[in-house]
Amino acid sequence: MSVMVDIRSVHKSFGPLHVLKGIDLTVRTGEVTVVLGPSGSGKSTLLRTVNHLEKVDRGVISVDGALVGYRRSGDRLRELPEREVLRQRTRIGFVFQNFHLFPHLTVLENITEAPVSALKRPRREAAEAARRLLARVGLADKADAYPRQLSGGQQQRVAIARALALEPRLLLFDEPTSALDPELVGEVLDVIRDLARQGTTMIVVTHEIGFAREVADTVVFMDDGRIVEQGPPADVLDRPRHERTRAFVSKVL
Amino acid sequence: MPSDTLAQHAAVPETPDKADTPRIVPQRRFGQWTAAAVVLVLLALAVNSVLRNDAFQWDVVADYFTTTAVLRGLWLTLWLTAVVMVLGFALGTLLAAFRLSANPVLRAVSWGYVWLFRSIPILVQLLLWFNIGALYPRILGVKTVDLLGPVTVAVIGLTLHEAAYAAEVVRGGILSVDRGQIEAAQALGLSRWRRWRRIVLPQAMRSIVPPAGNMLIGTLKGTSIVSVIAVQDLLYSVQLVYHRTYQVIPLLMVATVWYTVVTSLLGVGQYYVEKHYARGTERTR
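From first to last, the protein sequence lines stand for chains Z and L.
The opening position of the first sequence corresponds to residue 9 in the working numbering, with each subsequent residue numbered one higher.
The opening position of the second sequence corresponds to residue 420 in the working numbering, with each subsequent residue numbered one higher.
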């Protein structure tokens, strides 16, 4: 199977805080990778480096064969102009913990904005595609609503549809259910599960261990800026080899 | 134990008959009634004194209200306000962008500008610009007095003053937009210009419009200060008349009523602009 994401010895600091301390991770096309770990372990930061929302201090990340945010020239990596980075991002969907829907645009406008302005799709075509996506996440009747008129679960499903509208090769989820009331978590996980079944390549940062066990091809456990353990869910979650993984899994379950 | 709780719950719902419940009497607010009565009496006295005081000479007010001289002055006041608002906010938006930029030089320049022009009273500034010829007798080979007439000086002075305040209003509006909105737009690959125009600015406008409306009304009235450098705005036009006829009060009333009329119209306009930018803020459709 081909490699979709290749992360090599990535380091990242915020001032004196060393958040990522040499991360190596490979995600194969069509696979679901779930990243677990305590708060502050660096998992969200890692996810954000994959589409260059955070710049790495050291190391390289490539998605679908292309370096993210840089081009190689000799033995250096030169940062790409913003235009190029933006073009790369249209192939990587990102779903935020707090949805970040645009509150002044309708649901339909939220979804068509990027295809129309970044991919230059005709507005009508984009609107048709958006309606199909809304139907897919079970919100066909909410096209003309404003985000604030929707529940958290519905907003997150719109955010997923918005990310899908660019037909990305890779989807990144940053704790997609952490801001939701418990009874709304299921509907969002259902949508993500559905995407997994259709072979979408995804990296999901989450605290939902049950979901990881069910959907993940690979579970990655991070602590203190390092990947402590990775492997199939059955290994990492049921027979963790490291003390820290064991402690975390027993606490969360 | 559980059956006990159930039994207790079952015993509770006995809705009492409507006839049995005592009627609720709200507290009497004598203080409110008294205050309202006193205020109304005082208001009536004030209105009466205005209407019955012949020195206001309301007939003279009516005579001059739509004379060519007054309307010309009103027109100058209106376009001066419009030009100062547009140029002031254009420069102010640029200054706000400088202030929020990653470039420390631009940030410092913007800060310095706002500090300087908020420190100088507008009257002092206008007089300085009016006498700029003393500092620079010639600009690009042209005599300064010929280049900068009173109206140009008024536009320059008021705009520079306005921009300092507009910069802070715009900056506040931009800061009120959640950082996540920009990240989401970046993650979707929206260009810098598109992020600014389509995502940040419309949301910033919600916090910009109320203080900007305030500034617009302030500017409309503030332009009357240009009468000190003999620009024929609304105030200066009525002054020219009363210097000749000595009907000071009725002519000042002409200006007063016009300022009030225009301010009221602007208030109505602001209501609709605010409504436009409030899209998506209500929970119900």
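Worth flagging that the hints you see were computed from the coordinates, not collected in a lab.
Among these hints, one or two may not hold up.
Below, a list of computed lysine to aspartate or glutamate pairs in the DMTMM-like style, where the Cα atoms sit at most 25 Å apart [stated by the list, open to error]:
1) Z:Lys63 / L:Asp565
2) Z:Lys259 / Z:Asp152
3) Z:Lys128 / Z:Glu92
4) Z:Lys63 / L:Asp478
5) Z:Lys259 / Z:Asp246
6) Z:Lys259 / Z:Glu222
7) Z:Lys29 / Z:Glu222
8) Z:Lys128 / L:Glu602
9) L:Lys694 / Z:Glu92
10) L:Lys694 / Z:Asp152
Some but not every residue of chain Z turned toward chain L, in silico, with C-beta under 7 Å [claimed, not checked]:
11) Phe22
12) Gly23
13) Pro24
14) Phe102
15) Gln105
16) His112
17) Ser125
18) Arg131
Residues from chain L shown here face chain Z by an in silico Cβ test under 10 Å; the list is partial [said to hold, decoys possible]:
19) Gln600
20) Glu602
21) Gln605
22) Leu609
23) Arg613
Note that the coordinates shown come from a computational prediction; the quantities given were computed from them, not determined experimentally.
From the three backbone atoms N, C-alpha and C, an ideal C-beta is built for every residue, glycine too.
For each hint, the structure was consulted:
At roughly 56 Å between alpha-carbon atoms, Lys63 of chain Z and Asp565 of chain L are farther apart than 25 Å, so this suggested pair is violated. With a CA separation close to 43 Å, the supplied pair Lys259 of chain Z and Asp152 of chain Z exceeds the 25 Å bound. For the given pair, Lys128 of chain Z sits about 15 Å from Glu92 of chain Z by alpha-carbon distance, which is consistent with the 25 Å threshold. Restraint check: the Cα-Cα separation between Lys63 of chain Z and Asp478 of chain L comes to about 74 Å, which exceeds 25 Å; the hinted pair is violated.
For the hint pairing Lys259 of chain Z with Asp246 of chain Z, the CA-to-CA distance comes to about 13 Å; that is within 25 Å, so the pair holds. The suggested pairing of Lys259 of chain Z with Glu222 of chain Z holds, with an alpha-carbon distance near 19 Å, which does not exceed 25 Å. This hinted pair does not check out: Lys29 of chain Z and Glu222 of chain Z have alpha carbons roughly 29 Å apart, beyond 25 Å. Our distance criterion of 25 Å between C-alpha atoms is met by Lys128 of chain Z and Glu602 of chain L, whose separation comes to about 21 Å.
With a C-alpha separation of about 38 Å, the suggested pairing of Lys694 of chain L with Glu92 of chain Z is violated against the 25 Å cut-off. Distance hint between Lys694 of chain L and Asp152 of chain Z is fulfilled; the C-alpha atoms sit about 18 Å from each other, no more than 25 Å. At a threshold of 7 Å, the smallest CB-CB gap from Phe22 of chain Z to chain L is about 15 Å, leaving the interface hint violated. For the restraint placing Gly23 of chain Z at the interface with chain L, the shortest Cβ-Cβ distance is roughly 16 Å, beyond the 7 Å limit, so the hint is violated.
Look at Pro24 of chain Z: its Cβ only gets to about 21 Å from chain L, farther than 7 Å, so that hint breaks. A least Cβ separation of about 4 Å between Phe102 of chain Z and chain L falls short of the 7 Å threshold, and the interface hint therefore holds. Interface hint status for Gln105 of chain Z: violated, as the beta-carbon distance to the closest one in chain L is roughly 9 Å, over 7 Å. Nearest Cβ of chain L to the Cβ of His112 of chain Z: about 5 Å, under the 7 Å cut. The hint holds.
With a cut of 7 Å, the hint placing Ser125 of chain Z at the interface with chain L holds, because the nearest CB-to-CB distance is about 5 Å. The beta carbon of Arg131 of chain Z is not positioned within 7 Å of any beta carbon in chain L (closest approach about 13 Å), and the interface hint is therefore violated. The criterion of a C-beta within 10 Å of any C-beta in chain Z is met by Gln600 of chain L, whose closest approach is roughly 6 Å, and the hint holds. Residue-level restraint check for Glu602 of chain L holds (minimum Cβ-Cβ distance to chain Z is 6 Å; threshold 10 Å).
About 7 Å separates the beta-carbon of Gln605 of chain L from the nearest beta-carbon of chain Z, less than 10 Å, and the hint is met. Because the beta carbon of Leu609 of chain L sits about 6 Å from the nearest beta carbon in chain Z, less than 10 Å, this interface hint is met. Given the 10 Å rule on beta carbons, the hint for Arg613 of chain L holds: about 5 Å separates it from the nearest Cβ of chain Z.
Of the numbered hints given earlier, the model fails hints 1, 2, 4, 7, 9, 11, 12, 13, 15 and 18; all others are met.
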